[in-house]
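The listed protein sequences derive, respectively, from chains A and B.
Take 1 as the starting number for the first sequence in the UniProt record's numbering and just add one per residue.
Take 1 as the starting number for the second sequence in the UniProt record's numbering and just add one per residue.
Everything hinted at is true.
Restricting the straight-line Cα-Cα distance to at most 30 Å, the calculated cross-link-like pairs of lysine-lysine (BS3-like) are: (1) A/103 <-> A/283; (2) A/103 <-> A/288; (3) B/117 <-> A/428; (4) B/117 <-> A/382; (5) A/382 <-> A/103.
No wet-lab data here; the hints were simulated from the structure.
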Amino acid sequence: MELFSNLALGFATAASPENLLFCLIGVLLGTLIGVLPGIGATATIAMLLPITFQLEPVSSLIMLAGIYYGAQYGGSTTAILINMPGESSSAVTAIDGYQMARKGRAGAALSIAALGSFFAGTVSTFLVALFAIPLTAIALKFGAAEYFSLMIVGLVSSVALAHGSVVKALAMVALGLLLGLVGTDIYTGTPRFTLGIREYADGLNFVAVAVGVFGIAEILRNLEGEKTRSVLVHKVSGLWPTREDFRRMAAPVLRGTAIGSALGILPGGGAILAAFASYTVEKRVSDKPEEFGHGAIAGVAGPESANNAGAQTSFIPLLTLGIPANPVMALMVGAMIIQGIVPGPNVASEQPALFWGIIASMWIGNLMLVVLNLPLIGLWVKLLTIPYYVLFPIIMAFCSIGVYSVNSNVYDLYAVAFFGFAGYLLVKLRCEPAPLLLGFVLGPLLEENLRRAMILSRGDPTTFITRPISATLLLIALAVLVVVFLPSVRAKREEVFQEED
Amino acid sequence: MKSLAFDSTNAICGAVFVILGGFFTYQSLTLDLGTALRMGPGYFPLLLALILVVLGLVVLVQSTRVAGEPLGPIALRGMAFILPAPVFFGLTVRGLGFVPALFFTALIAAFASSRMKPTMALMLAAAITLFSVVVFSYALGLPFQRFGPWVRF
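Pulled out of the complex, with its shape left as it was, chain B reads as follows:
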């Protein structure tokens, strides 16, 4: 044992694979496995899940041999604003309707960058909404309600 140097990225990666593989293995075992001749719903997934666990273990073992590069910066602000945007759209598109839901979705996403100014974000969100309503709702005729029940009086 020379040192305790190990590649933390690969260690995490291997662990993630093992955990995911374990989850799918557990789930597959609750399904009917069948036989090789008539495979049940669990047969093929179980095979794949076990392969995933083995590959994860290999990555994990390999990670102890070499010192790796660090993980690098993580886009925390990006994640905090980008990921909720489609979720917000999903939660409100039926209730608020297409126009307000899209406006706020674009507005939320706009704040993911530290360079965005509030007025700029408002203008951008308005422009995106206008463009999308014209193109998707009027020109392409996608079946969206422009204003939903929550905002109708």
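With the rest of the complex left out, here is chain A:
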């Protein structure tokens, strides 16, 4: 079986002492930032991106991936213990997890979350391995028109998943695409929108935009009203769930894994949507729906499995097509480009050790998380007592170092301040930054493929609808748009996002 020889190569790569170390660093850092509210995986990866420049490509990507799924684990700890999501994807876990903690079952809730996540991580890692090759084969048939249409699907899905107004999210995509075009035009060498500043001729620095819009804007939002966090449980005991708990978590974990894996693959999907969808499903299929909101085990097990499964499978579009499904994956594209790897279907055949090494490391990382997190829970609880005003000077210092070290360009630091301000303004105007960042990354690619497709078709725009794959993709995008504008879905969508706040 080719799959097994590939996986063997992957495990051999991921299990080298060096890569194991970076995987460990990644998952520990991920858990740490997942536990601490106010700093997310996106901002952390953005800050660490330049530093990984010095590492081997495999090691750096393994570490960054570890931060992402580690953050999903850490986020649930915070959600359960202080009723505040450490990561947005664990927002639903807070609903029932915190209630379990109030009933003295914090330990059981944490173990259920960890074991559910581990199971989901194992299954979805296997799915990534299974789907990677056939999808890559399809992707190799893609021409410029197909790539253009695929990116449209990704952008439209990111709109569907954003909070609040669909129109605003669309506008954010357009703005992001425009910002992505700042710099020199690839065909003619004409500088565009650089305001005459030569340092912006290579385009706005992606790390600067990501750190500003996600990191700094988030800090400013947290500084609006400073609250003291109260930790509910200082000593967590009774970690191991009872036999009854195991019986009740089995089905939700399986359903959560299935939902999460499916939603993670969709461009624009990922952990957050998966967790919400799973919670809704569990509430509907439960024979005791009144338990939800009062410490239902299914309400912890389902979403926690789903968010981890979604986090893993969102690597599929990145590894096979080179299309980022969410902002974190967009950062991974950035990391690959820094290392001189062009993300896309060729990665699997040209760099098999890298490709399968990343996949194998996900399983190893998940194992590390489950082994480490349960014994280390006391340490994470202690970390929660660190006041926020100590954290953000640290974050600001690392932001500055990280952004400056990409290109040693001081204009990048001014861009951070500007995008921090802009990001905060957008948050205040109730606009979601995720579609903006996705647009920013895809902007140049989208334009290039549009122009190439038009040249190939001799200026005939029907090329996008006469080529079957492209037409199907555009139909999907259209369907998603129609669905989010349907009045019933709109009402439901508002309800779902209300629950998160």
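For this one, chain A is given, so just place chain B on it according to the hints.
Same frame as chain A, but now just chain B:
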């Protein structure tokens, strides 16, 4: 016309989109547009900028229909200290060098919280600087000058 109730947040938001779209439209028009077959540097941005203007107008029109929530508190103190921190780092990292630039950057950022005490801020900034120098400069070997020309005698 029932009342003059309108969502001020969305009105501002729509206006911001229209202005930004207008700016990009104006800039795109100064570039070569080309044809649909061979698009010039201005073609695609112009398209996007016009879409942005239209979406901004839609948000603006929608804002007159419903009364919205207020903007909420604004982190003025936060903005006054957080935003200058990376700018300060950018202005001084070459002249002062990594160590002093980072120390003052952390110190400036620390004052963004009203709860921070001066001694605490100094200690925190010193600790961050020490940690960063050890990790980034010595361990990871990032090519920073630890002390720049302005502070060398």
